[in-house]
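> Sequence:
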Amino acid sequence: MSQSQAARRAGALKELAVLDTPEEQAFDDIVFIASRTCDTPIALISLLDDDRQWFKARVGLDVRQTDIAQSVCQIDVDEADMLVIADLTRDPRTAANPLVTGERAFRFYAGVPLVLRSGVVVGRLCVIDTKPRPEGLTQEQMTLLRALGRQVSDQLDLRRAAQVSARLLELQTALIEISERIRASDEAVEMTSAAAAVVGRVLGVQRASFGLVDPEVEIVDVEADWTAPGIASIAGRHRFDDYGALRADLVAGEPLVIEDVATDRRTSANTAAMYALDIGALVNMPVRERGRTVAIFIVNASRPRLWTADELLFLRSVADRLEAGVARLRAEQQQGVLNGEINHRLKNMLSMVQAIASQTLRTVSERAPVESFERRLVALSAAHDVLLQKSWKDADLRTVAKAVVETVGFSERMTLDGPSVPLGARAALSFSLVVHELMTNACKYGALCVEGGHVELTWAIEDNDLIVRWRERGGPPVVSPSRKGFGSRLIRLGLTGTGGTELRYEPNGFEADLRASVEHLAQA
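The working numbering applies: residue 1 is where the sequence shown begins, and numbers increase by one.
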C-alpha cells in the first residue's frame, strides 16, 4: 500500500465523516445478506483508517475495530478486485495474524474493495469463516458479493452527497450572514471581526482574522482576531519569513493553503514557530487591490486538516466581500473629506452672499425684508449640510425638517412625525425654504409667538403622493393676510415649485397641506 493511496483513503474517510458513527440499518442489512449469501458466520464492512480498521457494520464479531496491522482487508486493497484466501493459516501474508492464530481462529476470507465514485478505495466488504474453504466461493456467491460491495460504495457516495449539499447550504447561509454584517458595519475592524467570527464558527477552526500587508508582502499587521476557547490571539505585527516560505504565493495573489505544517515544504523547517501559535494547518486568502496583495484573511487550525474545495471557495468569497466592504468604507471616507471641503466652500460662498446683501441693503430703512432674506440663506445652508452628507444624491425629509427647525429654534414646541421619504436635491432645498417660511410666520403671527403654542409637522404617503401637513394650535386668532408677500408666494409654490398647496386660516390655528408625487420628489 503506497503512502499516497493511504493518504487519499484517509482524506476520503474524513470527508465521509463515517468513522465512529452509530449503526445504520442500510449497512447492517448488507452484511446480513452477505453472511447468508456466502454461508459464513462473519460478514464485515471494514473501513481502513490510518492505524485501525473500523467496522461500519458487522455480523458475528463483537468488536467495532482492530489494529490496522491485523487487517486482512488491507492486503492488496488497491490492486485486487476480489481477495479470496481459502486457508488463512497457509497464506504467508496471514499465517501469523493474531486473528488467525488467536482464539478467533479465522480460517477463510473473501472480500471485495469499496470503491467510491472518486476512485478512492476506502475498505472492503468481506465474509469470514472459522473453517478453511478450499473451494472458496461459488461463481454466484462472488457475483452477489461484488453487487453488495457496489451497494456499500453507493451508500457511502450518497452519504457524502447529502453531506456536501448540507455543507454547501451551511456555507451559503454563512456567506449571507457575513454580507449582512459587512453592510451594517461602519468601521473596517468591525467588519473584519464580524466576518472572522462567522468563519471560525462555521469552519470549526481555532482562529480567524484579517491582516494588512505591507507593499513588499514581508510584514502583516493582524487585527483583533477571533479565537476558539483556550487559543491565544495573534493580533499584532508578524514577519512572514519567521514562519516559513509563505510570501511567494501571496505576492502572486494565490491562496496559501497548507494542510499540515509539519509535512508541507513551505513550513516544515519552521514548525516550532507554527506550533507555538497552535497552528497545524492554515489558509491565507489574499485580498488584492490594483494587482497587489494588500491584506490577507487568515484561518488557522490547530491540527492538520484537509481543506475542501468548497471551504476554499467560501473563504475566497469572504475575502472578496471584505475587499469590497473595505473599499466602500474607504470611498465613503474620501467622499466625506470631499464633502467637508465642498461644505466649507459653500458656507463661505453663502456667507459672502449674505455679506454682500447686507452691505448692499444697509441703507434700506425697513430691516424686516433684509432679515427674512438672511434667514432664508441660513435655511438653505442647513439643507446643503444635509445633502452633502448624502453626496448630493438625496436627503431624508425628516432630516431636512429637523435641520431647518434647529436653525430657527422652538424645536421643543414642534412635533415631527412621518415615514422615511427620500427627497432629491432640488426638492430638499424647496422643502427647507417652505418649512422655514412656515416657521417664520408662526414665530411672527402664529402658534410660536405666544407661550403654550405648538406646531405639528406631519407627513404621510397616500396614493403615491406625499402629503405634508402643518398644524398650529394654541396661538392667537389668525386671519388671511390682505397682502401676499414673497414668503407666502414661496409657500404656495409647494414642495417642487409647481404648487399643490392648500392654506387654511381656521379659528383654532393656521393649517397648510402640501402635496407632491413621491416619484417626482425623489427625482427632483
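You may find that some hints are simply not true.
To be verified - Pairwise CB distance ranges (calculated):
{"no.": "1", "residue 1": "TYR275", "residue 2": "GLY11", "range": "18 to 26 Å"}
{"no.": "2", "residue 1": "GLU462", "residue 2": "LEU169", "range": "36 to 44 Å"}
{"no.": "3", "residue 1": "PRO22", "residue 2": "ALA248", "range": "42 to 50 Å"}
{"no.": "4", "residue 1": "ASP154", "residue 2": "PRO134", "range": "28 to 36 Å"}
{"no.": "5", "residue 1": "PRO419", "residue 2": "PRO22", "range": "54 to 62 Å"}
{"no.": "6", "residue 1": "ASP51", "residue 2": "GLY253", "range": "38 to 46 Å"}
Quick caveat, the hints were computed from the structure, so don't treat them as lab data. Quick reminder that beta carbons are idealized off the backbone N, C-alpha and C, glycines included.
> Hint by hint, which ones does the structure fall short of?
Violated hints: none; all satisfied.
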